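A.B. asks: Protein chains in written order, with the numbering used here: chain A, 1 to 146; chain B, 1001 to 1213.
Derived by calculation from the structure, the hints in this document are not laboratory data. Treat the hints with care, as some may be off.
As the list claims (entries may be wrong) - The calculated lysine to aspartate or glutamate pairs, modelled on EDC-like cross-linking and capped at a C-alpha distance of 20 Å, are:
id	chain 1	residue 1	chain 2	residue 2
1	A	LYS29	B	ASP1116
2	B	LYS1002	A	ASP17
3	A	LYS135	B	ASP1089
4	A	LYS135	B	ASP1116
5	B	LYS1002	A	ASP34
6	A	LYS135	A	ASP17
7	B	LYS1150	A	ASP53
8	A	LYS135	A	GLU123
9	B	LYS1015	A	GLU114
10	A	LYS29	A	ASP139
11	A	LYS135	B	GLU1018
12	B	LYS1002	A	GLU123
13	B	LYS1008	A	ASP17
14	B	LYS1150	A	ASP108
15	B	LYS1008	A	ASP100
16	B	LYS1015	B	ASP1005
17	B	LYS1008	A	GLU123
18	B	LYS1002	A	GLU16
19	B	LYS1087	A	ASP53
20	B	LYS1002	A	ASP13
21	B	LYS1008	A	ASP34
22	B	LYS1015	A	ASP34
23	A	LYS135	A	ASP53
24	B	LYS1008	A	GLU114
25	B	LYS1015	A	GLU16
26	B	LYS1150	B	GLU1018
27	B	LYS1002	A	ASP108
28	A	LYS135	A	ASP100
29	B	LYS1087	A	ASP34
30	B	LYS1150	A	ASP139
31	B	LYS1008	A	GLU16
32	A	LYS29	A	ASP17
33	A	LYS135	A	ASP96
34	B	LYS1002	A	ASP139
35	A	LYS29	A	ASP53
36	A	LYS29	A	GLU114
Source: prediction; values computed, not measured.
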Amino acid sequence: MRRGFAGVGVARDDVEDVVQDVLLAIHLKRHTWDPAMPLGPWVLAIARNKMIDDLRRRGRRHEVAIDLTQFDIEGEDQQASIDAHDVARVLSRLSDRNRDIVRSISIDGHSAREVADRLGLTEVAVRVALHRSLKALADTYQEKVE
Amino acid sequence: MKTDDLIKALAADAKSVEPPIARTLAIAVGAGALLSLIGFMLTIGPRPDFFELLSTSVRYTFKLIVMLSLAIPAFFLVRGLSRPDFKPDGSLWWLAFAPALLLLGIGLELASVPSDTWHARMIGHNSFYCMTIIPILSLAPFIAVLYALKSGATTYPTIAGAVGGVLSAGIGATLYASHCPDDSPLFVALWYPVGFVLMTVLGALIGSRFLRW
Chain A
1 MRRGFAGVGV ARDDVEDVVQ DVLLAIHLKR HTWDPAMPLG PWVLAIARNK
51 MIDDLRRRGR RHEVAIDLTQ FDIEGEDQQA SIDAHDVARV LSRLSDRNRD
101 IVRSISIDGH SAREVADRLG LTEVAVRVAL HRSLKALADT YQEKVE
Chain B
1001 MKTDDLIKAL AADAKSVEPP IARTLAIAVG AGALLSLIGF MLTIGPRPDF
1051 FELLSTSVRY TFKLIVMLSL AIPAFFLVRG LSRPDFKPDG SLWWLAFAPA
1101 LLLLGIGLEL ASVPSDTWHA RMIGHNSFYC MTIIPILSLA PFIAVLYALK
1151 SGATTYPTIA GAVGGVLSAG IGATLYASHC PDDSPLFVAL WYPVGFVLMT
1201 VLGALIGSRF LRW
């Protein structure tokens, strides 16, 4: 998918946005996969749908990816700045507590149990908050399309 | 957020999977239809001699069959459309079965009744109720099916919404048909499509926005 996007000249950090959008969609929509059907076409259909959404949005904004050199650079610094940028943009939509939960589990790698103990919540509450936050993240990507 | 971090969050959320979409849809459509049925029974209800008519009146039974032959394929289409890997293509032709059947009924009707009664049979006595009650009876299944589709992942939001509209109108029309005293296929062909077109257009309009994900 990353290669497919590079082919149509989309900047690297934008591609990563779509990759994350696809991963979120695969996760949140996995109940729409019928186990009697092959998995491949289902995954491709989701990826294709998200890529089209993204390209359509790009077309609407008349945005052109300019910096082709980005594709050759794999520097740590560049990656870090892209990540920092994304963290701020995507997580800023969540409530303080939910952002804390998502950060602790994803970036710091804590378990739901540990986060629950630290915040004085039940493990179930943390799991629910995490799930809601993931849905909210998916909506954030969707809003960018509209 | 780094993609690897996101994957960690997704893995932590592995347990929270929704029920299979086919089941959600079946329950939603069933509940919506049941709600309409209850509303229907409490208000206008079917004709009092419903069971007798089923065995004695060909026209009455025929119109019920036509309505069901539209609602049933619409349900299976909606079920398919709720999955991202489903391509509607040729299977949309199943929706043409009911109109074709109705056309056949019209042919038989025209051949069997004198031509000076055609007009009266076509206009009937209840066209206004027919046009208003079908959408009203479609409302509960319509909302239910759109919400169920929303939890799915259609890659054809407009078509999915439209077929959802056909399905809900099919349910509403089946109920209304059991009440309506106008049994001629001529009446059915003239007035019933109004409700269907309304719900289908509504479904397409709402679906094209509401069913994106």
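A.B. asks: Please work out if LYS1015 of chain B and GLU114 of chain A have their alpha carbons no farther apart than 20 Å.
C.D. replies: 17 Å, holds
A.B. asks: Measure nothing beyond the straight line between the CA atoms of LYS1150 of chain B and GLU1018 of chain B; if it is 20 Å or shorter, mark the hint as holding.
C.D. replies: Holds, at roughly 13 Å.
A.B. asks: Is it true that the CA of LYS1002 of chain B sits at most 20 Å from the CA of GLU123 of chain A?
C.D. replies: 24 Å, violated
A.B. asks: So if I understand the rule, the pair passes when the alpha-carbon distance is 20 Å or less; does LYS1150 of chain B with ASP139 of chain A pass?
C.D. replies: 13 Å, holds
A.B. asks: For the pair we were handed, LYS1150 of chain B and ASP53 of chain A, check the Cα-Cα distance against 20 Å.
C.D. replies: Distance of about 17 Å is within 20 Å: holds.
A.B. asks: For LYS1002 of chain B and GLU16 of chain A, compute the direct alpha-carbon distance and say whether it is at most 20 Å.
C.D. replies: Holds: LYS1002 of chain B and GLU16 of chain A sit about 9 Å apart, inside 20 Å.
A.B. asks: Under the criterion that the straight-line Cα-Cα distance not exceed 20 Å, is the pair LYS29 of chain A, ASP1116 of chain B satisfied?
C.D. replies: 58 Å, violated
A.B. asks: Quickly compare the C-alpha distance for LYS135 of chain A and ASP1089 of chain B to 20 Å and report which way the hint goes.
C.D. replies: 31 Å, violated
A.B. asks: Verify the proposed pairing of LYS135 of chain A with ASP53 of chain A, using a straight-line Cα cut of 20 Å.
C.D. replies: Since the Cα atoms of LYS135 of chain A and ASP53 of chain A sit roughly 18 Å apart, the hinted pair holds (cutoff 20 Å).
A.B. asks: Holds or violated: LYS1008 of chain B with ASP100 of chain A, Cα cutoff 20 Å?
C.D. replies: Since the Cα atoms of LYS1008 of chain B and ASP100 of chain A sit roughly 15 Å apart, the hinted pair holds (cutoff 20 Å).
A.B. asks: Does LYS135 of chain A pair with ASP100 of chain A here, judged by a C-alpha cut-off of 20 Å?
C.D. replies: Judged against 20 Å, a Cα distance of about 16 Å means the pair holds.
A.B. asks: Given the hint that LYS135 of chain A pairs with GLU1018 of chain B, test it: the Cα-Cα distance must not exceed 20 Å.
C.D. replies: 12 Å, holds
Violation of the numbered hints given earlier is confined to hints 1, 3, 4, 5, 12, 14, 21, 25, 36; the remaining hints are satisfied by the structure.
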